[in-house]
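Q: So the chains spell out like this:
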Amino acid sequence: MIMIRSIVRPDKVDNVLAALMEAGFPAVTKISVVGRGKQRGIKIGEITYDEIPKELLLTVVPDQDKDYVIKTVIKAARTGVKGAFGDGKIFVTPVHEVYTISSGIKELPSGEIEEVKI
Amino acid sequence: MKEVMAIVRMNMMNKTKKALSEAGISSMTARDALGRGKGLVDCSLLEGAEKGYEEAIAQLGHSQRLIPKRILLIVVPGNLVDTTVKTIIKVNRTGKSGDGKIFVSPVMDSVSVRTGESGKTVLDEI
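So the protein lines, in turn, are chains A and B. Basically this note's numbering = 1-based index in the first sequence + 6. Basically this note's numbering = 1-based index in the second sequence + 33.
Same shape as in the complex, but just chain A (with noise of 0.2 Å):
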């Protein structure tokens, strides 16, 4: 299992959603967070903005869907054809274990599943 976090612009956010459904994986977790690039912020005149709002989005697929996936967001959350600035960055951490809480189930990267006894 993999855990994708995709940091996104806010109003691509919609775009990405709809995106990730239409592929296929429907969970998502949503997070509003601020934060800086490597541009350092965006600087207007004398002001420096080093803290834009962004959208970070928390998704955990299967091995083997990473690159389908994070092709996905690269395409849905793109400005233009080529790019720009501040679309943000993708970040992929392995995930070792998943839990449903409703049914307790356990499921492992290698596709095992037990359930919990509590």
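Errors might be hidden in some of the hints.
Cut-off 20 Å, straight-line C-alpha distance, at most; resulting in silico cross-link-like pairs (PhoX-like, lysine-lysine) [said to hold, decoys possible]:
hint: 1; chain 1: B; residue 1: Lys123; chain 2: A; residue 2: Lys123
hint: 2; chain 1: A; residue 1: Lys112; chain 2: B; residue 2: Lys123
hint: 3; chain 1: B; residue 1: Lys71; chain 2: A; residue 2: Lys36
hint: 4; chain 1: B; residue 1: Lys129; chain 2: A; residue 2: Lys112
So, partial list: chain A residues that the calculated Cβ filter (under 7 Å) puts toward chain B [as the list claims (entries may be wrong)]:
hint: 5; residue: His102
hint: 6; residue: Val104
hint: 7; residue: Ile107
hint: 8; residue: Ser108
Read the hints as simulated data drawn from the structure, not as lab findings. The C-beta atom is built at its ideal place from N, Cα and C for all residues, glycine as well.
Position chain B against the provided structure of chain A, taking the given hints into account.
A: Below, chain B without anything else, positioned relative to chain A:
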């Protein structure tokens, strides 16, 4: 060292906090989050799909609404992962969809900002 990321119902937060501190896991970070799972369950749709109506089947799992949730981030030593997960499941389970998910991922190191020490001593211990 592992990070337990749990997404739970908003109204379960107080109970979860209490149960976790009783289990000896006192440190955590919580945030508001919006999210969706495998899709809202609409009973009329399910019934229709069972009877074989294609319109109902086509609509299964289609919902754009995001539901407010709480997200808990807890970093624990490897031997406490099981207790943490079990406590969260025990408190939050209602058996209906929407109870949430728990993800366990590895953490390479943790450092305390105040003392500057790193490693397991930073985390909760029993």
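Q: Please go over all the hints and tell whether each is borne out by the structure.
A: Here is what the structure says about each hint:
{"no.": "1", "hint": "Lys123(B) / Lys123(A)", "verdict": "holds (9 Å)"}
{"no.": "2", "hint": "Lys112(A) / Lys123(B)", "verdict": "holds (14 Å)"}
{"no.": "3", "hint": "Lys71(B) / Lys36(A)", "verdict": "holds (15 Å)"}
{"no.": "4", "hint": "Lys129(B) / Lys112(A)", "verdict": "holds (16 Å)"}
{"no.": "5", "hint": "His102", "verdict": "holds (5 Å)"}
{"no.": "6", "hint": "Val104", "verdict": "holds (6 Å)"}
{"no.": "7", "hint": "Ile107", "verdict": "holds (4 Å)"}
{"no.": "8", "hint": "Ser108", "verdict": "holds (4 Å)"}
Consistency note: the structure conflicts with none of the earlier hints.
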